[in-house]
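**Q** As a plain string of letters, each chain reads:
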Amino acid sequence: MKIHMKRNLMLLLVMILLVSLAFSGCGGGTGNGDEEQQQPVSIAYYATNSEPILDWDPSVMFSNGIIVLNNIYETLLRYDAVNNEIIPVLAESYGKSDDSLVWTFNIRQGVKFHDGTDLNAEAVKYSIDRTMRINKGASYIWAAVKEINVVDEYTVEFVLNYPAPMDLIASTGYAAFIYSPASVTSDDSEWFSSGQECGTGPYMLQSQVPGDEVVLTKYEEYWSGWEGEHFDKVVIKKVTETSSRRQMIEKGEADVTINLPYEDVEAMKDNEDVTIELENSYINVASYFNTQKAPLDDKLVRQALSYAFPYDDVVEFVLGGYGTQGRGPVPKGLWGHGKTLKQYTYDLDKAKELLAEAGYPDGGFSLLYTYMSGDEEEKKTAQLYKAELAKIGVDLEIRGMPWDSQWEMSKGDPEGRQDMLVMYWWPDYPSPVSWLYNLYHSEEEPLFNLGYYSNEQVDALIEEADQKSASDIAEAEELFVQAQEIIVDEAPAIFQYDKINVWVENNTFKGHVPNPAYPNVVFFYNTYRGE
Amino acid sequence: MLTKLFSSKLMEPKLKEAKFSLFLLNRNKLTKISLIIVLLLILIAVISPWIAPYPGHTDLEVNPQDKLLPPSSQYFFGTDELGRDIFSRVIFGTRISLNTALVAVILSLIIGIPLGAVAGTIGGKIDELIMRITDIFLSFPPLLLAIAIAAVLGPSLQNAMIAIAISWWPWYTRLVRGQAISLKERQFVKAAEAIGTSQNKIIFKHIIPNCISPVIVQASMDMGGVILTISSLSFLGLGAQAPTPEWGLMISTSRNFFLNAWWYSIFPGIAIFITVLAFNLLGDGLREILDPKTRKN
Amino acid sequence: MKKYILRRILLGIIVLFGVIAITFTITRVIPSDPAAKWVGPRATHEQIQEARIELGLDQPYIIQFGKYISDLLHGDLGYSLRSHQPVATELKNYIPATVELVLLATLLAIILGIPLGIYSAKYKNRWLDHLSRLFSVGAVSLPTFWVALFLQLIFFSKLEILPLGGRISTNISIMYELPNITGMLLFDSLVTGKFMIFKDAFLHMILPGITVALYPIGLVARMTRSALLEILNEEYIVASRSYGLPEKTVLWIYALKNSLGPTSTVVALSVGYTLMNTFLVEAIFSWPGIGRYISDAVIGLDYPAIMGVTIFSAVVYLALNLIADIIIALDPRVRV
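Protein chains in written order, with this note's numbering: chain A, 42 to 572; chain B, 421 to 717; chain C, 5 to 340.
Quick caveat, the hints were computed from the structure, so don't treat them as lab data.
Certain hints may be false.
Claimed, not checked - With a cut-off of at most 20 Å between alpha-carbon atoms, the simulated SDA-like pairs for lysine to any residue come out as follows: (1) A:LYS452 - C:ARG56; (2) B:LYS487 - A:LYS452; (3) B:LYS545 - C:ILE17.
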């Protein structure tokens, strides 16, 4: 009995397959009377290497979702990193008290959220308060805020505990979004997770395949209007394979992508249909020495290993020239970068000399070097470095690990920690303090200072400089550079390279100006289809 | 091992069987060819340091000036992203794959055989317990358990071997248990029991040595699958670490240069295919030759 | 009979419990801090501590396990550490794409693998057998991830006749409402008569379908062949031959009927291997299924997601094995 049922089921399945084969054979595009044709729409297509967005809560999201949310939501201000100026967005203007402890923002009038309600001071207060209450993701950027006051319908005031650069903070691409209190009524993320949004941005969420694809469509009531050329819809899709992304651009299927191996970029350079756009990103890469563990607790050994790093080979063969050797912790192009800082060079003789001076004339020790698995650039660099260290008698064991395992190891039992660890860094808001405080300021328990570096003088300089950055950028910059001079001399890290982001675009995709303050983000409102 | 096999009282018929097996092997061409390929692969694995034109390229040496060159008389299979000779690395990869697969299989035998022998010989509650545990391990879809374990242990070739062993042993436990149950009824075991030999001694002296030959056959048949699993784990980033010339890892890296350097992915892939194919064909053939049910045909 | 089936189901539940216990233990010893993951990439110590309490990670292991089981009984698989979404919801989104792929592969395995195995057994040691064995053994010897890359290179890059990846073309998914009944696009579009969508989805299915189906086709062919060979040597077959029954009847009726048991086991087994292949190639084909979901989860050490996929696949696998066992048991020739 049951066997018969099973057999019938099987027969049905086979029939379905046969029918489907038949249809595909006769090119079944004819029988679609129910699918009415719509007006032609212009669509922008962005192929990314990771999920377009994982976390829809604008207060919590602190990863790839930056790409999607910056087109749906807006912040009070935006930082134009190319021209180093602050652009008003939801705040038309702002001011601060003389002691930089009270910041006042004048909110733009006539802005509507996607749910139809009006933007006002209350909404701004609600959004930032909620972000601070939830206390996840990048919410710590508001750490200086004591309270937020609604002065009138369109004026909001931030009162601080200590001076902080609120204009830069309010421009952050994470945790600074303003959303509608009419739609969001609770601190949990459930409303957002169910695929809803309530921003003021130019685009609204049309549909999504979670973890795979997001489709945005234009918001007719957008405050800046739809005069001129814009895209009607935006598709942001995850395409993991670099070869797939390259082929999609070459065949015109996608408009814009990023993070291709430089070999592909080189190969596409002569293609007339493709535009290559370079961005001096704020992303840089350093490898941190475990300064608590012998022999790396010796400054001479760290300096020696810094001299053994093949900087030029890495720039040429790992980055294909799309990057430069690092000069101190802060990347080129950001204020606070030390243009006159010392740079270590590739010099094996010098390295040997220093090792001998430290008591290791023939090397003779091994080190564990961890990097993030799946990152081909870090993997190549590690192999190049391993080959160089072998020449001075140091054995480097390289191990690619998922970031979380690598991080856990570096925070775990001091005996089991790595000797060297590679880490990317980029700022939440554009200030050198992001590098210096997180990576080089003493920590009781390690969090991101994964070289476990500790120097009281450096700590004091960083703290002073940070407070100064709210009132006097020039003075702050000077202090930051002073701290970096000490750091470079003590060599708690190898400053491998500052990265140039390479955007590969279909050449009909116009208007995209990469902004290093918003990594990987395309502000699609500024882009359009041209010839 | 072999002397053990033939030292039992059943030597006479076994020798005859072996001769007959050889005859069958000779008759089955596909199996014979696969045996030759397997032997060749083992030879390559053993002498790889001497036949690889650039032995340094299989270890830490790099040569970035010559990166991603197409196959030529200097580099038969072209070069990779760091200018290393892919031919040398593929040759050396044979050694790594065979080695790891062998260790992984031996590890799972070490876990699987005693458990199976105990379950089959003692029976009862212990048997029930052991078999339920094997059931649990066998209910993980293939690869999934190995992925999870490799993720826990951290990515390295060694941990990949352990992960595979942990997910593979239940197959041998099942096999040995079946053997043990039938052996238990045989005269020489009954005799040993009758003169009061301890259960431990029976298991290790009589049961295990006598069920080892089908297990070895099964294990050699599994080599192909294990090699494929190792390369899959490496492909997922859970196995070998750079600069080890492991085939799966090479293909995983080559994905990034796929459109510029077809040779980079194709040769390690062919190496995996030939190796796994040879072992699988040999295994299939061996099973037929040794299986009493089909051998008389 | 009923007793046997009941016993099998009970055993299945015990085994499933074991699977859950093992997976749970594995995920608890993964060297990463789920609390840190939960808060985000740049969490402070205080945030992490708060999250640890929120997630109940400060509780003893056994209490955490108990809570997991009781949640599981309510269909709650916890929250993904990366996306903060319920794992059950995410699985619901990803399962149809994978099931569609697995079903197609299994179907191909049955309609191609079984005849291949039969002919191979019939013409044992003849050239047809050699050829079909070479094919079936070859199919299980190919590294799937490598096949995927090369099919893309040939059919997308060189010949430009098939899409690179994904389930459907973007312009179609934007312009038209996709039918959503079962979540399996081919089936849904066929049932609702949206042939343009069906055609597009079908074209997207070809490369991943072939890639994933190779292994099960080979596996089914191999196992059918060896099962048949065993049976063909059994006495009653030899006897029926000697009675002068036509070879065709012997092969197709007697022998095949008797190999139904082993074959259904093989089909169950092959689903397991198909799942394994989806883990390896869904990422390459940008296929939004649970294979890609788990490979992302493994890289991101998202343990509730890893557990969710493992439990789901184990349940499917166990259920299929159970069905296979019951089919064998229902066969009057097999005495239980």
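**Q** Run through the hints listed earlier and report the numbers of any the structure violates, in increasing order.
**A** Checked against the structure, the only hint that fails is number 2, while the rest are satisfied.
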